[in-house]
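Residue numbers (the numbering used here), protein chains in the order written: chain R, 1 to 478; chain D, 1 to 483; chain C, 1 to 94.
The hints are simulated quantities; they were obtained by calculation from the structure and are not laboratory data.
Think of the CB as a built atom: it goes at the ideal place given N, C-alpha and C, for glycine as much as any other residue.
Some hints could be false.
Okay, the calculated bits of chain D under chain R, using three or more residues with CB under 8 Å as the criterion [stated by the list, open to error]: (1) 49–56; (2) 450–460.
In silico lysine to any residue, SDA-like type, Cα no more than 20 Å apart, as pairs [stated by the list, open to error]: (3) R/Lys372 - C/Gly48; (4) D/Lys17 - D/Gln193; (5) D/Lys130 - C/Ala80; (6) R/Lys457 - C/Leu58; (7) D/Lys483 - D/Phe401; (8) D/Lys444 - D/Ala478; (9) R/Lys379 - D/Tyr98; (10) R/Lys425 - C/Val39.
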Amino acid sequence: MNGLTMTIEALSGLLEKKEVSSIELTEAFLQQIQAKEPELNAFITVTRETALEAAAASDARRGRGEAIGRLDGIPFSLKDNFSVKGIPMTCASKMLGNYRPPYTATAAEHLLQAGAVLLGKNNMDEFAIGSSTENSAFGPVKNPLDPLRVPGGSSGGSAACVAAGEAAFSLGSDTGGSVRQPAACCGIVGLKPTYGVISRYGVTALASSLDQVGILARNIKDTALILNQVASYDPKDSMSWRDAAADYSAAIGAGVAGKRIGIVKEYLGSDMDPDALAWVRQAADWLTAAGARVEEVSMPNMAHCLACYYVLMSAEFHANMGRFDGLRFGMRAEGDDYFSMITNSRTQGLGPEVKTRILFGTYVLSEAQYEKFFLKAMKVRTLICRDYEEAFKKVDCLLTPVQNGLPFHWGSRQGDSVKMAATDKLAIPSNLAGLPALALPFGSAEGLPGAVQLIGKPFSEAMLLGIADYLEQEGQRP
Amino acid sequence: MTAYEIVVGMECHVELKTKTKLFCSCAAEFSDDPNRHICPVCLGMPGALPVVNRQAIEYAVKAALALHCQVQLTSRFDRKNYHYPDLPAAYQITQMFYPIAKGGYVDIETSKGCRRIRLNRIHVEADAGKLLHGSSGIGGAGDSLADDNRGSTPLIEIVSEPDIRSAEEARVYGEKLRTILEYAGVSDVKMEQGSMRCDANVSVRPKGDPVLGTRAEVKNVNSFKAVERAVHYEAERQIDLIEEGGVVVQETRGWDDEKGISISMRLKENAHDYRYFPEPDLPPIILDPEQIRAIGLTLPEMPEARKVRMVSELKLSEYDSEQITASRYTADLFDETVTLGAEPKAVANWIMGELMRCARTKGVDLAAIPVKAQNLAALLAHVAEGKINNKQAKEVFEEMFDSGEAPEVIIRKKGMTQVSDAGALEEIVQTVLAGNPKSVEDYKNGRTQAMGFLVGQVMKASKGQANPGVVNQLLTAALEAMK
Amino acid sequence: MEFSAKELSKLEVLARVNLSEKEWDRCRAAFQNALDMAVSLQAVDTEGVEPTISPMKLVNVMREDEIRPGLNRDEALAQAMETESGCYKVPRIL
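The following block holds chain R by itself, in its conformation from the complex (with noise of 0.2 Å):
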C-alpha cells in the first residue's frame, strides 16, 4: 500500500471520506514495521495491541461523528526518550530495560488527545548521545535510502520509520541537531521549534538548557499540522513559553516576496561540502526568483559553536544522568554497600559512549575546572547568541546546509565522540541560542536526498515554514 508514505493531509482525507479506517490504517502500517524492521530496527517497542485499541476508538468517535481532528486515527511513533503511561521507556540503555514509565509526556499526550494512534517507541543512540544511532544497546538503525549510510541520530529510529513508511509521523527530541540531522540523513521533514514552544515534561533530559521536542514529517504542512497540536503552553515545563499555542500554518502559501534571507558567510570556506554549499545556493536562487532578497551575513562566533556546545552538554548531562543508578527505577546491580551497588549499576547498565560523556561532564563541572571551562563556555553563549541577535537586524531568517553533505558511512565516526558531534556543527549553534530551526529536503547527490536549513528568530515557526513551503513545492514542480 503506498498509502504509507501519504501525508497526513491526504490521510486524513481518506479518513473523513470513510474511505479507510483507521483500524485499517494502523494495520497497514503495523504489517510495514513487521516487513521492514528485521532490517531497519527502528522500533525498540511496538505497542500493536494499544494502537489498535486506539485505531477502535477512533472508528468509533468517526462513526459518531465526533472525530477531534485532523490527527484523529492517524498512526505515529515517539523516539524511546518520551515517557507514555505503561508502556516501556528505554532510552535505548540497558540501563533503564524494564522501566515503565507511571505517567505520560505532555507532547506526547497532546498527541494522544487529539485521537492520534501511537505505533511504538523509536531506537535512538543511548540516552541520545550519538549522531547516527550506532549507539544503541538494541542494535543500530539502518538507513532505508542506503544501507551503507547511517541514519542520523540521536532521533535516528524516528527519521528511518517516517522515511519507510513505518509511521505517519514521529516526534523526536533535538538537543545538538538530533531531529534535524537525522531527518537530512532520510530525506524527511525535521523541525525544532523555539526553546519552550513544545513542553520538554516526560521527555527524558540529556541537556536542559539545548533540549528541545522536535518533528519528524514527511512535508511542511504534516510539519505545521503537528507542531499546532503539540506547541502549548504547559505550567510543568517552567522554560515553557506562555504563547506557544498559535496557528503554525499561517504562512504556508503566503510566499516569499521582500524576505530578507542571510546566508552565513563563516560557512561558505574550503571545508564545507561542495553538495552541501550547492544545495543551499540552489535554494538561495529559487527564493531570490521569488522576489526575496538574499545577503551574506558574518557570524565570526560560529566557529566556537562546537566546543562550547561540548562543553554545556557533557556537563548538564552529567547531572541529568545522575538519577540511574538502581534505586528508584532501572536496572539495579549487586553490590555490597549503597556505592557499589550504584557504581556497578551505571557501570554495567551505560554504554562507554554515555559514560565517556557523564565523566567529562564531571570534569568540566569539578571546583577546579568551573571557571576555566563551565563558565567560560556559558560566556562564549552569549557570544553565540549575539551573533545571532546581530545577523537578524538585517535578515528574517538564515539558510545553512543541516549537514556537510550526504550521512556518513557506517563506523567512520564511530568511537570518537569530537568527530561524531562534529557532524552537527552546522545544527548546534541553533541549540546554544535556542532559535527555531527547520531541515528541509532539497536537492540531490549521489541518488540520494539533499537538504538545506532555515533558521529563524525566536517564534518565528510560522515564518519558516512559509517559506520552507514554498521551497518544497518548488521542487515538486516537474
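Take the given structure of chain R and dock chains D and C to it, following the hints.
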C-alpha cells in the same frame, strides 16, 4: 596553659510551612506512612521537571526581612551534585551563586550580656528524603529504607558568620532564631521534629589570634540544649587535641546526645566536589522592591519591639516581658487579653504561671494550646469581680487549657460560685473558731500565722467556695473581738 | 593539556561510574579531543560578557501552593527492583 577562644558559625535548616513541596504539588505535610506524598518530580523520574512554589519564596523573603537581611532582587537556583540514597535525582536544587538574601543579624542576650551575631546569607533549597536505618544504623551491616515523603519539601538555610564565642551563645542564638521565625509565621520551627535543624561549625584558637582554626561541622543536634552540649564537647575535644600536640582535621561529626559525644562521619573517600552549576530548568526570581515591602508589611511586631512596648507602656518587668515574648503564641495571647481590658500584670502572671505550668506538665506545644484571649480575659474578670476565687480559677483554667471551653461554661458545669455574703459565712467562721481553740489561743498570743490555718479551715468547710478576702475580714473581726 | 589515568579515577568516584580498560582505550582519544576543544575556548575574549544559562529569557515562573494528586505508592515502587515496607531498599551505607 594557653587560653583558647571558641569560634562557632551556625547553619540552620528551617522547614517552611507551605502546603506543598518546593518543586512539585505533593503535600509537604509529615506522614508516618512512607512514600504517600510522591510524584515523578520528587522521585527524580526521567523527564520530570521542577516548578517553584511561590509561597515558599514569599516565606523565605519574610524570614529574611524578620532577620534584617538584604533581600536580593535577583536570585537563582543551582544544582548541587552528589549521590546519596535520600536524593533521587542525585542533585539537590539549592541556591549557591545567587541566594535569596544576604547579610542580616540576630541580637542575643546571654549571661555575659548582649551580642549581635551577623548572618552571612539565607538560601532556599529542597530537603532530602528520609532514610530509615535498620537496627545496625549507618555504617552497620543492615539495609536502609528510603522514604521520599519529605523529599523536595522547602527549606531555608540560615548561615551565620563565625561570630558565636561560646556554647551558651550557640544555644541562645538557636533559641532566638526559632522565636523570630515563629513570629514571622514561616515555619513550625520544632527542633525535636526536625522542622528546624542546626549544624555548628566549631573551631578554637589561642585567645587573641586573628586566624581562624580548622573547623569541624557538628551535625545531628536535635535540641537547643544539645547544641550547647555539642559545641562545648567539640571545643573541649579540639583543645585537648591541640594540647596533646595533635591537629584538628576538617570533618563532619555526628552528635550522639545520649552518650554526649560526637563521632567522625568522614567517608572513606573524602572527595567532596559538588559540581555546582546554575539550574537550567528554572528561570531566575526577580523581586521588585515594592513586592518585598508588601511582604514586610505582613510581619507581626517582632519580639524586641514588643518587649520594649510591654516594659514602657504596660509597665511589665524586663523579666516578665522576656518570658512573655519568648513565643509568639504567649505574646499574642498577652496582647489580646490586655486589649480586652484585663490588667497587664495579672495576665502576665497567669501566662507565666498556670499556662506555662500546664504546658510543661501536660507536654503540650504552645502553638497547640486552645486557650483564647477572650476566655482568659473573662476568667480574670470573674476573679476580679469576686465571682470565683483564685483556687477555683486555677481549676477552671486547667479545664480551659484542656478543652478550650469558655470559663462561664466550666463554672456552670462545676456548680462553682463564690460565697462573699458575710451572713452566709459568719456561721462557718463561728463553727471553725469553736472547733479550733488551740489556733485561737495561738492567735491571741500574737502568732498571727494561725490566721492562715483558720482561713484554710473556713475555705475547706465552704468546699472552696468562700471568698477568701471576706473570710479574712470576718475572722479578723471575730478574733479581735475575742481578745 | 594531558589527561591522566589518576584524574580519570577521581572523576569515576565522583560520577559513580567506571570505564573498563577496554572502554577507556576506546574513548580516551575522544576525551582528549574534547578536552583540547574545551581548552580552545580560553582564546575567546569574553571580558565583561555575562554568561547565558538558558536561551529562554523568562523570570518568576512559579506555581501556586495547591496540593495536586501525585503517584500511587504501588505504581511508583513497581519501578524499583528492591522494595520493603513501602520504601525503596538501600544496601548498607558505608
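Results of checking the hints against the structure:
| no. | hint | verdict |
| --- | --- | --- |
| 1 | 49–56 | holds (count 4) |
| 2 | 450–460 | violated (count 0) |
| 3 | R/Lys372 - C/Gly48 | holds, 15 Å |
| 4 | D/Lys17 - D/Gln193 | holds, 13 Å |
| 5 | D/Lys130 - C/Ala80 | holds, 17 Å |
| 6 | R/Lys457 - C/Leu58 | holds, 16 Å |
| 7 | D/Lys483 - D/Phe401 | violated, 46 Å |
| 8 | D/Lys444 - D/Ala478 | holds, 11 Å |
| 9 | R/Lys379 - D/Tyr98 | holds, 17 Å |
| 10 | R/Lys425 - C/Val39 | holds, 18 Å |
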